[in-house]
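J.: Given next are the chains, with one letter for each unit.
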Amino acid sequence: MDPIIILQAGVASGTVLLFAALGEVLAERSGVLNLGVEGMMLIGAMSAFSVTIATGNPWIGVLVAMFVAGLLSQVHAFIVITLQADQVVSGLALTLLGAGISLVLGEGLSKAGTVSLMPNFSIPLLSQIPILGPIFFTKQSVLVYIGYLLTPLAWYYINRTRPGLHLRAVGEYPAAADALGINVFRMRYFYVFLGGMLAGLGGATISLAVAPGWFSELTTGGQGWIAVGLVIFAQWDPFRAAVGSYAFGALRRLILDIQGPTVLFGMRNAFYYNPYLGFFLQMLPYAFTVIVLVIGSREAIRKRLGAPAALGTPYIRGERGQ
Amino acid sequence: MAESTLSKQRMPWRIKIEPRLDEPPAWLPAAVSVGAIILALILGGVLIAFAGGNPFASYAHIARASFGDLGVLSDTIVKATPIILTALACSIAFRMKLWNIGAEGQFIMGAWGASAVVLAPIVPAESSRWLFIPVMIMAGMAMGAVWGFIPGYLKAKFNVNEIISTLMLNYIAISWVNFWVFAVWTEGGFQMSPKFPQAAWLPRLSEYAKSVPLFRGLTTHAGLLLGIAAAIVLWFIVYRSRWGYEIRLIGDNPNAARYAGINITRNTIWVMMLSGALAGLGGMSEVGGVVHRLQTAPIAAGYGFTGIIVAWLAKLNPLVIILVSVLFGALILAGREIQPSGVPKMIQGIILVCLIASDFLLRYRIRIVRGEEA
Numbered sequence: 149m150d151p152i153i154i155l156q157a158g159v160a161s162g163t164v165l166l167f168a169a170l171g172e173v174l175a176e177r178s179g180v181l182n183l184g185v186e187g188m189m190l191i192g193a194m195s196a197f198s199v200t201i202a203t204g205n206p207w208i209g210v211l212v213a214m215f216v217a218g219l220l221s222q223v224h225a226f227i228v229i230t231l232q233a234d235q236v237v238s239g240l241a242l243t244l245l246g247a248g249i250s251l252v253l254g255e256g257l258s259k260a261g262t263v264s265l266m267p268n269f270s271i272p273l274l275s276q277i278p279i280l281g282p283i284f285f286t287k288q289s290v291l292v293y294i295g296y297l298l299t300p301l302a303w304y305y306i307n308r309t310r311p312g313l314h315l316r317a318v319g320e321y322p323a324a325a326d327a328l329g330i331n332v333f334r335m336r337y338f339y340v341f342l343g344g345m346l347a348g349l350g351g352a353t354i355s356l357a358v359a360p361g362w363f364s365e366l367t368t369g370g371q372g373w374i375a376v377g378l379v380i381f382a383q384w385d386p387f388r389a390a391v392g393s394y395a396f397g398a399l400r401r402l403i404l405d406i407q408g409p410t411v412l413f414g415m416r417n418a419f420y421y422n423p424y425l426g427f428f429l430q431m432l433p434y435a436f437t438v439i440v441l442v443i444g445s446r447e448a449i450r451k452r453l454g455a456p457a458a459l460g461t462p463y464i465r466g467e468r469g470q
Numbered sequence: 007m008a009e010s011t012l013s014k015q016r017m018p019w020r021i022k023i024e025p026r027l028d029e030p031p032a033w034l035p036a037a038v039s040v041g042a043i044i045l046a047l048i049l050g051g052v053l054i055a056f057a058g059g060n061p062f063a064s065y066a067h068i069a070r071a072s073f074g075d076l077g078v079l080s081d082t083i084v085k086a087t088p089i090i091l092t093a094l095a096c097s098i099a100f101r102m103k104l105w106n107i108g109a110e111g112q113f114i115m116g117a118w119g120a121s122a123v124v125l126a127p128i129v130p131a132e133s134s135r136w137l138f139i140p141v142m143i144m145a146g147m148a149m150g151a152v153w154g155f156i157p158g159y160l161k162a163k164f165n166v167n168e169i170i171s172t173l174m175l176n177y178i179a180i181s182w183v184n185f186w187v188f189a190v191w192t193e194g195g196f197q198m199s200p201k202f203p204q205a206a207w208l209p210r211l212s213e214y215a216k217s218v219p220l221f222r223g224l225t226t227h228a229g230l231l232l233g234i235a236a237a238i239v240l241w242f243i244v245y246r247s248r249w250g251y252e253i254r255l256i257g258d259n260p261n262a263a264r265y266a267g268i269n270i271t272r273n274t275i276w277v278m279m280l281s282g283a284l285a286g287l288g289g290m291s292e293v294g295g296v297v298h299r300l301q302t303a304p305i306a307a308g309y310g311f312t313g314i315i316v317a318w319l320a321k322l323n324p325l326v327i328i329l330v331s332v333l334f335g336a337l338i339l340a341g342r343e344i345q346p347s348g349v350p351k352m353i354q355g356i357i358l359v360c361l362i363a364s365d366f367l368l369r370y371r372i373r374i375v376r377g378e379e380a
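Chains as they are written, first to last, in my numbering: chain A, 149 to 470; chain B, 7 to 380.
In case anyone wonders, no lab produced these hints; they're calculated from the structure. Careful: at least some of the hints might be erroneous.
[To be verified] 16 Å max Cα-Cα, derived EDC-like pairs, lysine to aspartate or glutamate: (1) B:Lys103 - A:Glu365; (2) A:Lys259 - A:Glu365; (3) B:Lys163 - A:Glu447.
On a predicted model such as this, the values are computed, not experimentally measured, just so you know.
Based on the provided sequences and hints, a complete structural model is requested.
T.: Given below as structure tokens:
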């Protein structure tokens, strides 16, 4: 029950949520709601693990996972962008599809044994910083560090670059973006693909770093859905998504560790003596997601913030805009 | 210019897509759905072959193991019964564009509520079937309704996205039932409760084998009647009642509904509760008619998610849901023995994808025109 260790492990497991949430932020900023994150993460986790077994190189596993998940996302892109179908139902279908394909192709993988994982290392100077050093920069997976880089990068890209401006325009007012010569359809396909790749990266982070292995649908255990919830809480902002992701990662870790010691805060640890209470602990991440959604939604109403205006609606050329 | 003439020379005709201005012909939606399912089965077959299986053997097995004789047909209907109820639950919520994907959790809570009647016990153990079954039905529906009320209330009052909240409640329901099964009602440390007394079982066809010999060994239980009754009631609510009219209006055009003075907040909560109650009834039917005890969460076995697909395939029509549920019951029943084990789930996913994609054909007309016409 060392808080430093809990936070350190929490940052690692929060990285899974972070990648998925960043990907979803990008897709939703372009106006496409993709509820298939869970399915894309599953297929990413499965292909990362199986390719790493086959090749012995986890880097190839990660790259293939990103590509395969990106490919899967294009099914959703085609259905909602070109065929203009309902984004909610299509996203649900994508989750079922991704889970189903992962189960079929991942058959027997759970008995495959261990593979070489993504490397862990400490950052020389930064790891010496008191408290923050051990939490963020000591013996973390290389994927965790990639997460640190990706968050400010995504923020900068969305808010300070020209392509980012186009991305926001496409999500807020596609008819105007179209009039400016931005190819709305191509942009949406691209960001859905990017979102899929990041969800696949999140899946690979599970199977090759945080909780190595393939445990069928339990591999993700609803983390893809938590990531979708976090995006709403984050108000489509990468930094808020990062804070939420790491907090949820730490919570997951705390739930595991709190059942260990016999004495907690000087009292008999009820969770140790009555392991059945653990079932209530397991509810916490999901209950917190709901609470976080309530907070996020209330804040959105108060500050008059909102989702990207065109989120969830297909763009049909020549139709009058909203 | 040169390029376009070139392509014209190569292609004497081209495909033209234009929006449909009129209503599509009546036969088209059904034809498109059947086409989508056939396409899905072909795609699924390719993936099965890719994973090292034999698609023809898999599909032949599904057909034989689900409709082959009266016994397996009866088992297929047993599998279809919970799907009917979860699909009805999804259909009424989807009708109002409320994306309740928590039928799975509401189903589990319904199963828990019905079990509590027997295990708590709320009704004395020596009671008759006439007391047990109605109380179990009420308890199951009530717990399902509670599990629908929470996301409904949060949606109505705080605009909380119901997709996420219903999904999160699924996981919470699983942990909740696990706690009771492991810690309170466990039978000798196993992850299941003691078996219910016979009076708490929904009657089965095989019970009447003495008077009708044909029924010997048939597992179909009275849950099917609950499902069919619920479908008929729901059909009347949706198509023949004022409330159903309000629900359809809100779903089709919330602004018009608001101007018409319809209370969307209240309807959101009521529809989510009705949806949850239907899924909860499914859970009751499963513990009362099939397993006769409370088990850990796989009791729902994805029925909640299958319900989404079935509702969509049936175009949210309660009566069509009964038929489609039987097909999916067959898929699930036969799928248990198929290797690789994920096949039924994958085929369901592919079917849903093809279905959604095929809706395009209902909104657009595809014509093949000669080059000069364009």
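J.: Work down the list of hints and note, for each, if the structure agrees.
T.: So, going through the hints one by one against the coordinates:
The suggested pairing of Lys103 (chain B) with Glu365 (chain A) is violated, with an alpha-carbon distance near 28 Å, which exceeds 16 Å. With a CA separation close to 15 Å, the supplied pair Lys259 (chain A) and Glu365 (chain A) stays within the 16 Å bound. Between Lys163 (chain B) and Glu447 (chain A) the CA atoms are separated by roughly 13 Å; this keeps the pair inside 16 Å, and the hint holds.
Of the numbered hints stated above, the single one contradicted by the structure is hint 1.
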